[in-house]
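Assemble the whole structure, with the sequences as input and the hints as a guide.
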Amino acid sequence: MPDWLDIGVVAVLNGLAIGLLLFVVAVGLSLVFGMLDVLNLAHGALFLTGAYLAWSLGGEHPTWVSWLGALAVAAVVGAVAGGGLSLLTEPLARRSHLEQALLTLGVALVVAELLSAVFGDDVRGVNPPPGLDGTVDVAGSAYPSYRLALIGLGAAAALAMHVVVERTPLGALVRASVADRDMVAAAGIDARLVRAGVFVAGSMLAATAGVLGSPIYNARPGLDTTILILALVVVVIGGLGSIRGAFAAALLIGQIESTGRALLSDLASFLLFGALAIVLAVRPRGLFVTANGGRS
Amino acid sequence: MSLTTMVYRPTEARLDWPGRLSAAAAVVTLAAAPFFLAPYATTTLTRMLVYALLAASLDLLVGITGLPSLGHAAYFGVGAYMAGWIATNATPAAPLPLLAAAVAGGLAALAAGWVAVRSAGVFFLILTLALAEIIQQLAESWQPVTGGSNGMYGIPATRLGAEPLTHVAYLHWYVLGWFLVGILVVWALSASPFGATLRGIRDNEPRLRALGYQPYRYKLAAFVAAGAVAGLAGGLLATQQRLVTPTDLGFATSALALLAVVIGGTGTIWGPCLGAALVVLVRDSLGPSLGGHGPLVLGLVFIAVVYALPRGVAGVRRPRSRRTATR
Amino acid sequence: MAGSINRRQLLAMLGAAGVGAVAGGCGSSVGGGGGGPATPGGAIKVGLVIPQAGVYAPLGVDMKNAWDLWLERNQNKLGNYRVTTIAADEGEGPQTGVPAVQKLLQSDQVDVLVGIVNSSTALGVKDTVTEAKKLLMVSNAGAGAITGKDRVPYIWRTSFTNAQVSSAMGTYLAGSGKTAYAIAPDYAAGAEAIGGFTAAFTAGGGRVVREAKPAFGKTQDYQPFLSQIQASGAQLTFCFFAGAEAVAFVKQYAQFGLSTRIPLYGSGFLTEGGVLTAQGDAAVGVQTTLHYSTELDNAANQAFRSAYQAKYNKPPTVYAVQTWDAATVLNRALRTATGLQGEAIAAALGSVGTIDDSPRGPWTFDGQSPKQTFYLRKVEKRGDGLVNAVVQDLGASSQPT
Chain A
45 MPDWLDIGVV
55 AVLNGLAIGL
65 LLFVVAVGLS
75 LVFGMLDVLN
85 LAHGALFLTG
95 AYLAWSLGGE
105 HPTWVSWLGA
115 LAVAAVVGAV
125 AGGGLSLLTE
135 PLARRSHLEQ
145 ALLTLGVALV
155 VAELLSAVFG
165 DDVRGVNPPP
175 GLDGTVDVAG
185 SAYPSYRLAL
195 IGLGAAAALA
205 MHVVVERTPL
215 GALVRASVAD
225 RDMVAAAGID
235 ARLVRAGVFV
245 AGSMLAATAG
255 VLGSPIYNAR
265 PGLDTTILIL
275 ALVVVVIGGL
285 GSIRGAFAAA
295 LLIGQIESTG
305 RALLSDLASF
315 LLFGALAIVL
325 AVRPRGLFVT
335 ANGGRS
Chain B
4 MSLTTMVYRP
14 TEARLDWPGR
24 LSAAAAVVTL
34 AAAPFFLAPY
44 ATTTLTRMLV
54 YALLAASLDL
64 LVGITGLPSL
74 GHAAYFGVGA
84 YMAGWIATNA
94 TPAAPLPLLA
104 AAVAGGLAAL
114 AAGWVAVRSA
124 GVFFLILTLA
134 LAEIIQQLAE
144 SWQPVTGGSN
154 GMYGIPATRL
164 GAEPLTHVAY
174 LHWYVLGWFL
184 VGILVVWALS
194 ASPFGATLRG
204 IRDNEPRLRA
214 LGYQPYRYKL
224 AAFVAAGAVA
234 GLAGGLLATQ
244 QRLVTPTDLG
254 FATSALALLA
264 VVIGGTGTIW
274 GPCLGAALVV
284 LVRDSLGPSL
294 GGHGPLVLGL
304 VFIAVVYALP
314 RGVAGVRRPR
324 SRRTATR
Chain C
586 MAGSINRRQL
596 LAMLGAAGVG
606 AVAGGCGSSV
616 GGGGGGPATP
626 GGAIKVGLVI
636 PQAGVYAPLG
646 VDMKNAWDLW
656 LERNQNKLGN
666 YRVTTIAADE
676 GEGPQTGVPA
686 VQKLLQSDQV
696 DVLVGIVNSS
706 TALGVKDTVT
716 EAKKLLMVSN
726 AGAGAITGKD
736 RVPYIWRTSF
746 TNAQVSSAMG
756 TYLAGSGKTA
766 YAIAPDYAAG
776 AEAIGGFTAA
786 FTAGGGRVVR
796 EAKPAFGKTQ
806 DYQPFLSQIQ
816 ASGAQLTFCF
826 FAGAEAVAFV
836 KQYAQFGLST
846 RIPLYGSGFL
856 TEGGVLTAQG
866 DAAVGVQTTL
876 HYSTELDNAA
886 NQAFRSAYQA
896 KYNKPPTVYA
906 VQTWDAATVL
916 NRALRTATGL
926 QGEAIAAALG
936 SVGTIDDSPR
946 GPWTFDGQSP
956 KQTFYLRKVE
966 KRGDGLVNAV
976 VQDLGASSQP
986 T
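Chains as they are written, first to last, in this note's numbering: chain A, 45 to 340; chain B, 4 to 330; chain C, 586 to 986.
The reader is advised that the hints may include incorrect statements.
As the list claims (entries may be wrong) - Taking CB as the label site, the calculated pair distances span:
(1) A:ILE322 <-> B:ARG210: 25 to 35 Å
(2) C:GLY733 <-> A:TRP108: 50 to 60 Å
(3) B:ARG23 <-> A:LEU214: 56 to 66 Å
(4) B:ALA194 <-> C:GLY924: 50 to 60 Å
(5) A:ARG327 <-> C:THR670: 50 to 60 Å
(6) A:ARG138 <-> B:VAL30: 33 to 43 Å
(7) C:THR670 <-> B:ALA26: 41 to 51 Å
(8) C:LYS718 <-> A:ARG327: 56 to 66 Å
If you're looking for bench data, these hints aren't it; they were derived computationally from the structure.
Nothing here was measured: the structure is a model prediction, and the numbers come from that model.
Virtual Cβ for every residue (Gly too), placed ideally from N, Cα, C.
See below:
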């Protein structure tokens with residue numbers, strides 16, 4: 045049945061695009077938790093900030109200049125926000141991790157309200173930069189070229205991250221912190237610098253993901269909660285702190301959302317959390333267990 | 004340090020004299036409230052009681068057993084829907100809807116907890132969230148029974164004998180009575196040897212296992228108990244509001260309950276009740292007049308509490324001059 | 586511990602807060618039924634229940650704008666009563682909506698309620714309003730049951746029902762001889778809209794080849810459905826979406842190249858208000874049915890539109906018109922009503938006759954909901970922006986049974 049196959053190809057391709065976008069969205073959260081044991085519940089709000097930045101700088105008729113500018117500004121804003129989060133959670137570093145997570149939840153509420161005050165409550169549409177706003181013929185169907193670009197970008201980001209984590213001294217520090225934080229401190233590395241650096245990196249990733257995802261998700265109140273929950277699901281399925289796990293889980297979720305919805309349309313609403321429940325029931329620490337997975 | 008290391012508060016299961024006096028005074032004030040509060044204030048107070056019971060049941064899980072749940076509202080909602088369904092389709096005669104609600108909440112918690120309690124920490128947090136989202140989706144999809152996304156509206160008023168309870172004051176006393184029953188159950192569980200075992204699991208599970216206990220069973224029992232009390236609270240919601248919607252099962256309600264527990268002070272039972280009162284106050288009394296900025300105030304209050312009150316409202320120390328020997 | 590406070594300070598703070606809260610709530614709930622003293626003669630308190638925060642806030646802004654504008658142009662009087670408006674935030678759903686209504690009724694002692702966007706809230710306050718014996722004029726919520734199987738004498742409506750809007754499109758498209766693919770989110774409003782469309786469409790001889798229900802509030806990516814539309818062989822697509830989902834669906838419909846191949850039709854909310862701005866060029870050519878468009882060519886609309894634009898610097902929407910008409914209708918009813926109790930106003934509403942000065946064209950009450958003209962609109966570029974140009978007058982219709 046050629047029709048079914050065509051749909052299948054598009055669905056799988058779309059799953060890949062959404063999955064790679066989800067990876068970019070979730071990897072910052074995974075990093076922060078893996079290295080600091082802090083669940084950064086402000087992650088969704090940072091994503092939304094990036095999305096609103098994409099709208100305010102380019103909006104419906106962006107140019108390449110405004111698009112790249114939005115990415116740069118989002119990176120800066122994310123970095124600043126990360127620094128702020130690091131400062132805010134510093135005094136709580138000795139207390140329970142639940143409290144640090146809840147503090148970030150409070151920050152998320154406040155940031156969402158501020159965004160609503162600045163940008164209003166209307167949905168803001170964002171379009172891809174010129175050249176990427178058309179369609180490409182895939183197996184007889186039209187497919188948006190921006191999503192194909194996302195596949196390339198997401199794959200490049202994953203590769204870059206792999207190289208950095210596996211091959212650079214910075215990456216060695218990351219792996220060491222995820223494996224045994226106390227040892228890293230004992231080796232003389234300043235914990236506060238590591239903390240600040242991780243928050244900055246994670247927040248930058250969240251904000252730039254917001255810019256990249258805005259042509260698909262647009263910018264609206266409530267998007268922060270949606271993205272946070274998606275990122276949480278990806279990160280937990282993948283195994284907290286594991287970037288490889290986040291990658292695998294993101295691709296899995298992307299496929300579930302695309303092909304799953306196409307095949308099992310009646311159960312579509314239950315797919316995401318059903319998958320999460322099944323994975324956690326079978327592998328209670330996620331798919332890729334890290335050393336920290338044992339610690340709760 | 005792990006995610007669930009709460010600041011441990013020494014067991015004060017037995018109430019000392021000041022504790023007993025303030026408890027009695029609180030009950031008397033709550034009972035007398037309709038005589039000096041205007042109707043809307045009484046309605047808000049009744050709603051506070053409902054959410055306070057929810058927060059107390061969550062505290063049994065979070066504060067006493069050390070299981071942070073982000074999906075506790077699911078059992079609250081299951082109880083609410085059950086109470087509403089019984090009142091609409093079987094009989095609104097008190098206390099049947101409420102008893103059915105508690106049983107339903109407990110059963111749902113048994114089904115979910117059987118899976119959830121195997122994990123711990125952040126995984127438990129997310130798994131409870133996932134299970135709650137599934138239950139909420141069920142409520143939205145099962146339109147013939149739950150009314151779908153519009154919710155279950157027009158629930159008949161509870162009947163005490165032949166009297167329908169529509170008067171604000173009578174409703175308040177009815178809810179207060181059952182609230183006290185629920186709180187007593189939670190407190191009794193917490194003060195019993197069962198509660199001590201739960202605290203042991205919270206503080207040092209491997210050690211308890213070494214002593215021969217089976218933590219899984221205790222955790223599951225705590226989960227079911229918390230679910231049953233949450234179900235009772237849900238039944239009270241259906242009685243008071245006569246409307247149940249899928250939002251009552253959702254992430255926002257669970258997060259609100261967790262907020263209340265943290266603000267009030269984990270592990271103390273009465274602290275979360277106060278926390279719930281504060282959250283409901285901000286949302287319902289101040290919210291409608293704040294021009295839509297209720298969530299902002301809540302967020303700021305939350306941040307302030309996490310900084311200034313590390314053990315929540317209940318954990319605030321007595322002034323130094325009266326420090327006693329116990330920590 | 587540095588930064589923390591001790592018990593005395595905390596009790597003092599809580600005490601102060603508590604006294605403040607209680608002082609506002611003083612009174613008695615016991616003894617004597619009914620609400621407090623009625624508003625003194627010649628004055629009326631209106632409770633405006635609108636969303637002021639969250640995803641529906643833009644609708645609330647339009648509703649309040651229209652209400653304020655009407656009062657400003659009518660010497661702040663409804664009937665012969667001087668108006669005091671008290672707004673309360675409905676929030677995003679009944680959890681905040683029901684307390685808002687209760688606050689207005691019990692604490693602020695309003696005489697009439699106007700507004701409500703969320704159908705669940707409107708259905709949920711049915712008993713509250715009945716027991717308080719006050720009138721509620723719904724100026725947005727679209728569930729059929731509100732004035733249908735669950736109606737009560739105290740709740741009237743100046744807006745629409747979900748099925749009413751979509752069945753106008755179903756009747757119109759049935760004559761085209763084309764097959765349809767119907768899609769709406771999986772919640773009550775979506776189900777009602779699809780039901781209304783399908784009933785009218787098939788009654789007129791059309792055939793719906795496939796129906797889809799994406800998860801409400803959880804679907805951001807419509808690719809599986811867009812692929813299905815292509816594969817189904819349908820010749821047109823009918824959809825019902827509102828808010829953020831309308832933006833996402835219409836944009837993706839264009840992004841996947843379907844807008845040039847399979848024409849898109851929908852209920853008017855698909856392209857109404859801020860949503861149209863966000864959709865941008867993707868919405869051009871989309872046709873919808875609704876009981877209002879800013880481009881309507883009658884005298885009342887010309888006046889209304891220029892006044893609204895002058896005061897608020899943006900064009901009005903159907904949500905504004907519905908609330909404007911609520912004021913008009915209440916004004917008429919209060920001129921002949923015997924008092925401010927719910928029954929009196931409801932009785933007067935029954936005899937207001939045709940509302941002939943409404944921006945949407947003349948309409949009447951059929952039961953407790955409007956029987957009104959529906960228009961076929963098409964999104965077109967005009968000047969710098971987009972408008973819903975009126976293509977055809979589809980005649981009047983009531984709430985379907």
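Each hint, compared with the structure:
1. In this structure the supplied range 25 to 35 Å holds for A:ILE322 paired with B:ARG210, their Cβ-Cβ distance being about 32 Å.
2. Between C:GLY733 and A:TRP108 the beta carbons are some 54 Å apart, a value that agrees with the proposed interval 50 to 60 Å.
3. A C-beta distance of roughly 59 Å is found between B:ARG23 and A:LEU214, which places it inside the suggested range of 56 to 66 Å.
4. The supplied range of 50 to 60 Å is met by B:ALA194 and C:GLY924, whose beta-carbon atoms lie about 58 Å from each other.
5. In this structure the supplied range 50 to 60 Å holds for A:ARG327 paired with C:THR670, their Cβ-Cβ distance being about 58 Å.
6. Checked against the hint of 33 to 43 Å, the C-beta distance between A:ARG138 and B:VAL30 comes to roughly 38 Å, which is consistent with it.
7. Separated by about 44 Å at the C-beta atoms, C:THR670 and B:ALA26 satisfy the suggested range of 41 to 51 Å.
8. Between C:LYS718 and A:ARG327 the beta carbons are some 59 Å apart, a value that agrees with the proposed interval 56 to 66 Å.
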